[in-house]
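Residue numbers (my numbering), protein chains in the order written: chain A, 1 to 169; chain B, 1 to 193.
Just so you know, not all the hints are guaranteed correct.
Claimed, not checked - Pairs of lysine-lysine, PhoX-like flavour, derived with a Cα cap of 20 Å:
1) Lys62(B) / Lys122(A)
2) Lys82(B) / Lys62(B)
3) Lys124(B) / Lys152(A)
4) Lys165(B) / Lys67(B)
Hints are computed from structural coordinates only; laboratory data are not their basis.
On a predicted model such as this, the values are computed, not experimentally measured, just so you know.
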Amino acid sequence: MNDDYLWDKTGQPDPQIQQLEEILGTLRYQPKPLAIPDDLRPPQRRNYFPMLAIAASVLLALLAGGIWLRVRSRTEAPVTQARVEQPTPAPQPAENKSAINPPVLATNRIHRKRSALSVLPKRERQEALEAKEQLMLALRLTTQKLHLVHTKTQSTPPANQIKNQHRIG
Amino acid sequence: MKTLFHINIRTALILLLLFAPSMVAKAQDSRIQMGGLDHLAAKASQTVDVNIDERLMRMAAKLFSDKDEDEREVKALIANLKGIYVKSFEFDVAGQYVAADVETIRTQLRAPGWTRLVNVTSKKEGMLEVYLLFNGDKVGGLAVLHTDDKEFTVVNIVGPVDLDKLAKLEGQLGVPDLGIEPQKPKAKNDDEK
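The whole structure should be built from the sequences, with the hints applied where relevant.
Written out as structure tokens, the structure reads:
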């Protein structure tokens, strides 16, 4: 017996080796495609580019809108007007009234409130402007009435005033 | 019977706890109810309706600049006020409101605490009344009532009105400065006409 069979399968094989070959032959490598279970597959790489592009576009639009609003608010100050209801066409006021009472319609152009206004939200800002206008109207009316009271109390002659008095000397 | 008595007492206590604060608040409130005058708006040729509560007052105060002297004074005046309410009606023809309309306001001004400081009556300007609400020595509110043939105006300032500051506003809000000096309440009572 030579050992060539073990090296290159030539020569006379040993029966025990042949038996071993037959037993172990069932476990011989047989080429077949690799089968990977579904649960072991690596996740597919997502493409985030469209989402990022949309987000960037929205962000840019918001930024541009903000800048535009800021520039616009700087160039033109808001004009506010007090609420004065006039159900019928305004009548010609009496002369004495017009002399004492200036028209209650009040317009005001705000120039110096930018810092305070810019802090407030738009709706609140509008509300605050209207409130301020109404407040000024109310104060104006109040001081007007107090002024009227003052002039009336000052113009009332004292009870014991001597009329037709002349300075002597 | 005893249980019923206990239930009644408990109910009364709960009701007292619920309503007592509002009753006290109402007694000290210088707000005048002017809702009864709303029907005059339909007859008026011009109506001014101002309703500024404390929240709006605070919002408006933010818009007054500290740099401008006039605005600083207005801001100081309204700093502690709780509200300003005005109803002013001007009519084309006389006799559009009745005495009962005036009485709805005047009745409220007869409540405890209110003092009529000035009452001016003239043929030309009608009747002008100025009332102050005193909480102790402090002023808690101001009311001005002006009625003539073709006008009905009620002004109500709620809160501690500083008459000094209010007088200072004269000449700054479109009214010529004619030198209204703030008067002490006692002195004003003497001036009452």
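TODO: Verify the proposed pairing of Lys82(B) with Lys62(B), using a straight-line Cα cut of 20 Å.
DONE: holds, 15 Å
TODO: Would you mind confirming whether the straight-line C-alpha gap from Lys165(B) to Lys67(B) stays at or under 20 Å?
DONE: Roughly 17 Å separates the two Cα atoms, so the pair holds.
Task: Given hint Lys152(A) paired with Lys124(B) - CA-CA distance at most 20 Å - done: holds, 11 Å
TODO: Decide if the proposed pair is consistent with the structure: Lys62(B) and Lys122(A), CA atoms, cutoff 20 Å inclusive.
DONE: At roughly 14 Å apart (the allowed maximum being 20 Å), Lys122(A) and Lys62(B) satisfy the hint.
Hint compliance for this structure: every hint is met.
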